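Enquirer: Reassemble the complex: the two chains are provided individually, in unrelated frames, and hints are given to aid placement.
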Amino acid sequence: MSRPLSDIWAFFDNRNPGEWYRKCTTWIRPTPCQAHKTGKGGWLFTLAFLLPLAAQATLNDEQSARYRAWVHELRCLVCQNQTIAESNAPLAQDLRAQVERQIFEGRSDEEIRDYLTRRYGDFVLYDPPLKASTGLLWLAPFLLLLLALRWATGFFRSKAGPAP
Amino acid sequence: MKPRYSLPALLMLGLLALLGYGLTLDPREVPSPLIGEPAPAFSMPTLKQTASTFTERDLLGQAALVNFWASWCAACRDEHPLLMRLAGEGVRIIGIAYKDEPEAAAATLAAEGDPYRTVALDIEGRVGIDWGVYGVPETYVVDAKGVILRKHIGALTPEAWDEIRGLLR
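So the sequences go chain by chain: A and B.
Residue numbers in the first sequence follow the numbering used here, run continuously in steps of one, and reach 164 at the last position.
Residue numbers in the second sequence follow the numbering used here, run continuously in steps of one, and reach 169 at the last position.
For reference, chain B alone in the conformation it holds in the complex (with noise of 0.2 angstroms):
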């Protein structure tokens, strides 16, 4: 083979390989710029204690998942019972309602069961566009100093637990 012309089936090789990679991601996925930051303040009611409000300081001193779910929302059920065993497992897992009516979250948490250490209610949708959630369900793993240290977009899947759960020890 004359040495030009393997120049051009080069690039090819090196254009099909980038592609190729390419194909194994997801467009649509955002990556968070949170990822490293300290949790961004908030304040939301609780759907337990409805006396007190959760803020962004009582995420300290344990690591934990905040779960972003709906009960309008379908992929949530798909996580659902994921949810529920690591729970089981001793997982502290913060759930916050987001763009959620209360009674309706607490009918899906009766009927389902609750994965929950804390349920807050985000019904304006406020504390998402802080934490920068665009769809339901979103998970964040939130380190026990309050430092976001992971964004899973969309349900829950074993595969992407066996991926985080060294991140919350």
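Just chain A, same shape as in the assembly (with noise of 0.2 angstroms):
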């Protein structure tokens, strides 16, 4: 077996724990090897990362669907440049349990929405709605090249010199 495989295999090997823990070596990144000194380690270990999944196991395709369209839509207030999805906060999970719950419930996009943004304000979605205390956000950047491209076109005029 190569080093690599067989480091992953002591990982979960649990006939020598200790020996499982002398041969972490660098090549699997110390956190693990800190974390989980015996074999059953390992596999919790794992198996925390399949948690994620199960919190799906009560959706149908659909609903999952808008799940996963939900939980990137939504920032986490924590960790504020994530989205709920990436985001391992416990915060972000709490909130994705209550998207989870509310989509089996049947709620809308709009209940939805209503509910966060009147816990959270507007800045716990993504993408800022359309009004007025947004409408600045919006339009600037239209407005700014509206102005860059007076400005060089007025530029680029005076360089010309006056017509022969």
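None of these hints come from the bench; they were simulated from the model.
Owing to the predicted nature of the structure, the values given are computational and were not obtained by experimental measurement.
The reader is advised that the hints may include incorrect statements.
What the hints assert, rightly or not - For the chain A half of the interface with chain B, some residues (derived, Cβ under 7 angstroms), not all of them:
| no. | residue |
| --- | --- |
| 1 | Leu77 |
| 2 | Leu91 |
| 3 | Asp94 |
| 4 | Arg101 |
| 5 | Tyr120 |
| 6 | Phe123 |
Positions of the beta carbon are idealized from the N, C-alpha and C atoms, including for glycine.
Expert: Okay, structure coming up:
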């Protein structure tokens, strides 16, 4: 068996817990080694990655698609650069469970959006709504483009000099 | 200076002023849409009177600080002395233990003192979501009619208290 493969097997090997710990090399990053000294821990560690799949176990295909769309649309307020799909923060987990529950109960997109923005405001949505307060946010790129074009034409016209 | 050079200079100054003001803001702070709204309905068990539940109706009658905290939260330890002082001065403080184990919460209060008239237990964090809590500690100022007047994010400081003490009359 190649070295990396034997390390992976050692991770799950139940027979010699201490032996596994000693065999753990830098090829596998330190964190699993420190956290799991027994073969059992190896399985638990792997199963932990499968837990997010369990959250979708009760939804049908259409609901799952809605769930996936929603969790990529919502901002994690703890790790504010991530969606709640990506974030491991406890709040993100709670909000994913909330969204899953509401989709399972058959709430509409409008109701789910309303539920979240009434509690966390518009910032929880990655797509800012078009309102009076966000009008400048939406229009600013176009305004700046217009201003830049006006400046550019004025600049190049003056460079060209008076017409011959 | 020719007139046509002053416009970019003015725009630059304006932009600098705007950005300078932006440096004083905290981009991580999420303003609460609950300001001015009645406190959301809730029902939680309490730490001290285990038989009774604490609901939003119990908030009525006297203005209070509703403080979301947890035994696992380091910043909550920072604001604890201030909360003890305020409780000594007669301020009504309601504590909500957010995603905490009752034993751990009780142990923390036993060790450091208990500034809370009531300690409610939000073990799952559902009440926190209803109040728009995204971290601990967070403190809400609720008036006698149960309307949320202000939200303070992070540990309560003496400066912040000076700003909100008037709201509790």
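Enquirer: Now tell me if each hint is right for this structure.
Expert: Hint-by-hint comparison with the structure:
1. Leu77: With a closest approach of 4 angstroms, the Leu77 of chain A hint holds.
2. Leu91: Hint holds; Leu91 of chain A Cβ to chain B Cβ min 6 angstroms, cut 7 angstroms.
3. Asp94: holds, 5 angstroms
4. Arg101: violated, 11 angstroms
5. Tyr120: holds, 5 angstroms
6. Phe123: holds, 5 angstroms
Checked against the numbered hints given earlier, the structure breaks only hint 4 and satisfies all the rest.
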